[in-house]
Amino acid sequence: MSPDTQTTRIKPPPDAGRILWRCYRYLRPYWRRVTVAWTALLCINLLNVAIPQLVRYVVDRGIRDQDSRFLGWSVLSLLGLTLVKGGLSFLQNRWVETSSQSVAYDLRNAIHQKLASLSFSYHDRTETGHLLSRAVQDVERIRFLTGRASMRMLEGAALLLGTAAALLWMNAHLALLALAAIPLMVHRAMAFSSRYRPLSSEIQQQLAVLTTRLEQNLRGARVVKAFAQEEAEVERFDRENARWFDLSALASRLQAVNAPLLTLMTNAGMVFIIWYGGSLVIRGQLTLGELVAFSTYLGQLAEPVHRMGRIIPILAMAAAAGERIFEILDAKSDVEEAADVTLLPTIQGHVRFEGVSFAYFGRHRVLEDVSFEALPGQIIALLGATGSGKSSIINLIPRFYDPTEGRITLDGRDIREVTLNSLRDQIGIVLQETTLFASTVRENIAFGRPEASEADVVAAAHAAQAHDFIARMPQGYDTPVGERGVTLSGGQKQRIAIARALLKDPRILILDDATSSVDTETEQLIQQALERLMCGRTSFVIAQRLSTVRVADLILLLDRGRVAARGTHEELLRTSGLYVEIYHHQLRRQDTLMGEGWGDRR
2 MSPDTQTTRI KPPPDAGRIL WRCYRYLRPY WRRVTVAWTA LLCINLLNVA IPQLVRYVVD
62 RGIRDQDSRF LGWSVLSLLG LTLVKGGLSF LQNRWVETSS QSVAYDLRNA IHQKLASLSF
122 SYHDRTETGH LLSRAVQDVE RIRFLTGRAS MRMLEGAALL LGTAAALLWM NAHLALLALA
182 AIPLMVHRAM AFSSRYRPLS SEIQQQLAVL TTRLEQNLRG ARVVKAFAQE EAEVERFDRE
242 NARWFDLSAL ASRLQAVNAP LLTLMTNAGM VFIIWYGGSL VIRGQLTLGE LVAFSTYLGQ
302 LAEPVHRMGR IIPILAMAAA AGERIFEILD AKSDVEEAAD VTLLPTIQGH VRFEGVSFAY
362 FGRHRVLEDV SFEALPGQII ALLGATGSGK SSIINLIPRF YDPTEGRITL DGRDIREVTL
422 NSLRDQIGIV LQETTLFAST VRENIAFGRP EASEADVVAA AHAAQAHDFI ARMPQGYDTP
482 VGERGVTLSG GQKQRIAIAR ALLKDPRILI LDDATSSVDT ETEQLIQQAL ERLMCGRTSF
542 VIAQRLSTVR VADLILLLDR GRVAARGTHE ELLRTSGLYV EIYHHQLRRQ DTLMGEGWGD
602 RR
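For what it's worth, the numbering used here labels the leading residue of the sequence shown as 2, then goes sequentially.
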């Protein structure tokens with residue numbers, strides 16, 4: 002269970018009214034549709050108040066006085082009013098649904114846009130399942146709130162006021178007796194809401210936990226099977242599912258008590274009024290038609306109260322959902338553009354780190370006072386043990402994170418003074434963990450340049466030594482690669498990722514162990530292509546092979562977040578004992594086993 006979930010269990014979401022009001026503000030662009038729906042609602046409620054009066058005259062004049070002609074016309078009038086009411090209901094439901102669906106559309110777009118703009122640090126500490134739950138189920142609850150739920154609530158309030166007014170006009174004494182139970186029912190509904198709202202928030206949080214568990218199992222299905230952990234994962238999922246079931250069952254029990262209790266209060270009041278009103282009819286103080294109309298009004302009066310009992314849980318769930326959605330929309334990115342940023346012009350590729358320190362989440366310090374300079378066209382190899390800070394350095398260049406101290410410049414300009422898009426447009430990246438999308442090979446290669454021509458895509462594939470295996474695929478460049486490129490081998494995915502980076506024709510190239518998933522023969526082909534393509538570009542390579550460090554213009558040897566040594570391969574062999582140790586125990590041994598690459602041909 003995440004800490005956020007535990008916090009929610011301790012304290013219910015604050016200020017539900019403010020959250021709900023913010024949800025309703027999303028209806029503002031669609032006020033014309035809402036106005037039409039509200040107008041139809043008003044007309045429907047006027048008819049609801051008028052129809053019992055017509056029934057009253059039908060009973061008192063048409064039936065009691067045996068006036069068949071009046072009875073016929075009255076029945077036709079009732080039928081006409083019913084048809085009009087049906088037409089108005091159609092308009093109301095249509096425009097309400099259209100407006101609420103538009104709200105859901107806007108919210109999902111806003112969430113997606115926000116998630117795309119947030120820095121890596123936000124995604125590092127937020128589980129994917131929680132985000133999926135908020136973008137799908139929580140948005141659906143807001144849609145229902147701004148649509149049918151709100152309309153039914155307004156309809157109930159209007160019907161309650163109109164019916165109460167009609168009752169008071171017909172018989173004030175009897176009306177006051179009928180309305181006496183309303184405060185008690187409202188109190189009961191509010192008491193139910195105070196218990197149901199925190200429970201609803203807990204249910205939604207648990208559903209997010211359940212979604213996260215399912216998402217992780219689906220994404221890691223191969224690992225689960227490889228380690229024969231199917232039964233263990235089923236048990237873990239079952240525990241979370243049982244927790245969600247218990248919470249949902251508790252909510253159902255609360256609703257099962259609340260709804261019949263409200264019905265009991267309503268029916269008890271109606272029985273009393275029929276008994277008391279019947280005695281007034283017997284004494285001649287009330288006509289039979291008035292009693293029928295009064296009973297009809299009482300049925301209408303009970304409906305808003307019942308509706309309130311159904312809607313209050315919806316309001317509680319919507320308030321909890323709104324809070325979770327607005328947590329995303331209000332989140333502050335650790336990497337933000339200043340107000341006075343400018344576009345970064347075409348760069349030469351002069352990169353400079355000046356006293357850069359960095360800590361994840363402000364606590365886990367991984368870089369300490371790192372300074373170095375990369376001249377245009379140079380190859381910078383980053384070498385060091387796991388956790389030494391290599392990946393942190395390459396993540397700072399495109400501003401996936403910002404330094405906690407110091408600054409990074411490109412051609413003399415602080416990268417925080419230019420727009421993120423103009424900065425990242427000039428950087429090509431191949432990450433160690435290759436990510437492909439569930440689309441075609443062509444679309445994956447052209448991801449950074451969707452407008453690229455077929456010739457450009459093929460040229461990039463040739464340069465990455467990917468064209469031959471792509472051409473052998475059933476549909477060539479139109480072959481779907483499956484979710485996360487599951488239909489491709491590791492080496493094939495890596496070469497497509499390299500082609501994707503090369504198609505951008507970047508001024509700065511970042512390779513995070515880009516040849517880790519290919520065999521020796523394929524690596525040599527890729528290295529030959531990279532040797533040509535690195536020419537004129539500033540390239541940062543996380544080095545795992547001797548062939549890489551030998552061609553580097555500058556090797557940065559990192560140790561516990563600091564630059565322990567720097568220089569070329571030959572210089573470090575003479576000056577750095579740590580480099581010599583890594584050379585003998587890692588680089589030389591590995592290349593002896595794998596076969597050396599293009600470093601020997603430098």
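If you are wondering where the hints come from, they were derived from the structure by calculation, not from laboratory data.
Predicted, not measured: the structure shown is a model, and the values here were computed from it.
Check the hints yourself; a few may be wrong.
Claimed, not checked - Derived Cβ-Cβ restraints for the label pairs, each shown as a range:
{"no.": "1", "residue 1": "Pro475", "residue 2": "Asp506", "range": "45 to 53 Å"}
{"no.": "2", "residue 1": "Gly356", "residue 2": "Glu571", "range": "45 to 53 Å"}
{"no.": "3", "residue 1": "Glu452", "residue 2": "Thr405", "range": "32 to 40 Å"}
{"no.": "4", "residue 1": "Ser249", "residue 2": "Arg26", "range": "24 to 32 Å"}
We treat Cβ as the ideally placed atom computed from N, Cα and C, and that holds for glycine.
Hints violated by the structure (listed by number, smallest first): Of the numbered hints given earlier, those the structure breaks are 1, 2, listed in rising order.
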